[in-house]
Amino acid sequence: MPSEFTVRVNGALVSVSAGATVAVAMVIAGQPCRNSVMGEPRGPLCGMGICFECRAVVNGIPHSRTCQLLCEPDMEVKTDE
Amino acid sequence: MNNYSREQFDVLVVGGGPAGIAAAVRAAESGVRVGVVDENVVPGGQIWRGGPSEGPHSSDASSWLLRLKKAGVIVLCGKRVFHHPEAGVIMAEGLDDVWELSYRNLVLATGARERFLPFPGWTLPNVMGAGGLQALVKSGLPAQGKRVVVAGTGPLLLAVAAYLRQHGAEIPLICEQTSWRRLARFGMSLMSHPGKITQGLQLKRDIAGVPFEANSWIIAAHGEKALEGVTVSHAGRTGVIKCDYLACGFHLVPNTELAILLGCRTRNGYVQVNDLQQTTVEGILCAGEPTGIGGVDLALIEGQIAGLAATGRTSEAQALFPKRERFRRFARLLDATFCLRSELRSLPSPDTLICRCEDVPYSRLREHTSWRSAKLHTRCGMGPCQGRICGPATQFLFKWNPDSVRPPLFPARVELLAAQPQSIPEVTGEIQ
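First to last, the protein sequences are chains Z and C.
1 is the number of the first residue of the first sequence in the working numbering; add one for each residue after it.
1 is the number of the first residue of the second sequence in the working numbering; add one for each residue after it.
What the hints contain is simulated information worked out from the structure, not anything from laboratory work.
Any given hint could turn out to be false.
To be clear about the criterion: a stretch of chain Z counts as covered by chain C if any three or more of its residues have a C-beta under 8 Å from a C-beta of chain C, and this derived list gives those stretches [claimed, not checked]:
| # | region |
| --- | --- |
| 1 | 18 to 26 |
| 2 | 35 to 41 |
| 3 | 48 to 57 |
So these bits of chain Z aren't anywhere near chain C, every CB distance computed over 12 Å [as the list claims (entries may be wrong)]:
| # | residue |
| --- | --- |
| 4 | G11 |
| 5 | A12 |
| 6 | L13 |
| 7 | R65 |
| 8 | E76 |
| 9 | K78 |
| 10 | E81 |
Computed spacing ranges between beta-carbons, pair by pair [said to hold, decoys possible]:
| # | chain 1 | residue 1 | chain 2 | residue 2 | range |
| --- | --- | --- | --- | --- | --- |
| 11 | C | G239 | Z | V37 | 25 to 35 Å |
| 12 | C | R379 | Z | E76 | 28 to 38 Å |
| 13 | C | G239 | Z | E81 | 32 to 42 Å |
Even for Gly, the Cβ is constructed at its ideal location relative to N, Cα and C.
Construct the entire structure; sequences and hints are all you get.
As structure tokens, then:
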């Protein structure tokens, strides 16, 4: 794996270092991980896989906990609606 | 379909932080079959996240991680325990795999999480836990040039501030809710813990010049789509600080859900253990934060005692008791110093969300008299985190007691729950 590569977050390319989690890519992109029941934007809170606030759609799989998932080249990430 | 695997262990450890690693290493010395199951990508837990190169515990971390590697322990990473179908068996899931793990002895080393308390604006993106933001920076989030207010309570705040600063962040303020009086008493009592003083002095150097206030807490976070600033209360006055991130955590709460699911008795929120770290369920031991929040030093000792006790080496375990007692005194000191002040109970406004999973506001909860009633009528605590965030918050806000734990421990995928062993792969050597 290259030391730096890009992933796509809500359509925009984001450059990340190898070892970065998907949650990191979403925070760098300034995109919410999910929209809440009432439609509020949410981002990571606990950073350790417990709060589920960072869940997003990763390569088409919804509700993925992005703080526990490493970025891979050309990954497609979207805000969980 | 998913891969279904079975594994048998003499000693199985849940949790790959310091307590779990110490337990596994000491148990493996007896030549028995030892496994560690952990949900993170690599072992080390939260405190050793990011590998041995980081932090004041780096030499401990690298030596224990090396010992784990050499001990012949089977380490299953990225697997989360979600079920306990029968005595002597737990189930874990990975991304596309299910594991049926049987054991003679089980060591629970499930660690702790941060306590979060609600205040207006705490659900905005970029408001994170103190340990939460640190974990993200360790996972590659650039901190260079970012303004980060660090707030809440506990020794973690200083460690996080120091870490963020080393990584280029600007810390306009650290807000510690406890009083100067308590902090002073804590400082005096540290005289009997020389190791802690060394760590403390190192920290003091690392955060020299960073503004620090006691008797201080966040009363609101502001921003349109994400955090833009916070309002801070300090000694009866308030002020607004612009920032990119708020790192806010109120000390730690133990992860006791698996212990409770397994039938282990708890006392005052902690898993009850005897001198040998044995729980009230035969064959199940517990070490580290779930038995009392005491930090990495206590976790390493308790883990070793558990690993030795699980393999019948009682006298070697007993030799570690005096050391454990010393670190337990430090744990009690932490509890006394960083207990939460009652003013924090009045921070939420009626529309402040308490349950972030189900968006349940404070106004809908305060009419209830118990956690159970609130759950049934408002869905508070019924979302994917299963009350792990709002449970400790409502315990503080309303003095509600958490109720029983039911499987699955985490929202497991339905197909995983229904999975049956189709072919059992032969396991040889080490699995990662």
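Should the label of G11/Z as a non-interface residue stand, given a Cβ cut-off of 12 Å to chain C? Its Cβ never comes within 12 Å of chain C, the nearest being 17 Å, so this holds.
Are G239/C and V37/Z spaced within 25 to 35 Å by their CB atoms? With Cβ atoms ~33 Å apart, the hint holds.
Looking only at beta-carbon atoms, does the pair R379/C, E76/Z fall within the given range of 28 to 38 Å? 31 Å, holds
8 Å C-beta test of the region 35 to 41 of chain Z against chain C, three or more residues: holds (count 5)
Distal placement of E76/Z relative to chain C, Cβ over 12 Å: 16 Å, holds
Checking a non-interface call: every C-beta of chain C should be farther than 12 Å from the C-beta of E81/Z. Is that right? E81/Z clear of chain C: closest Cβ-Cβ about 14 Å, beyond 12 Å.
Should the hint that G239/C and E81/Z are 32 to 42 Å apart at their CB atoms be regarded as holding? 37 Å, holds
Beyond 12 Å on every Cβ pair: is that true for A12/Z relative to chain C? 15 Å, holds
Check, residue by residue, whether the region 48 to 57 of chain Z contains three or more positions whose beta-carbon lies closer than 8 Å to a beta-carbon of chain C, and give the verdict. Contact hint for the region 48 to 57 of chain Z vs chain C: holds, 7 residues under 8 Å.
Distal placement of K78/Z relative to chain C, Cβ over 12 Å: For K78/Z, whose nearest Cβ neighbour in chain C is about 16 Å away, the distance exceeds 12 Å, so it holds.
For the region 18 to 26 of chain Z, do at least 3 residues have a Cβ located nearer than 8 Å to some Cβ of chain C? holds (count 5)
Consistency of the no-contact label for L13/Z, given chain C and a CB cut of 12 Å: 16 Å, holds
Taken one by one, the earlier hints fail for this structure only at number 7.
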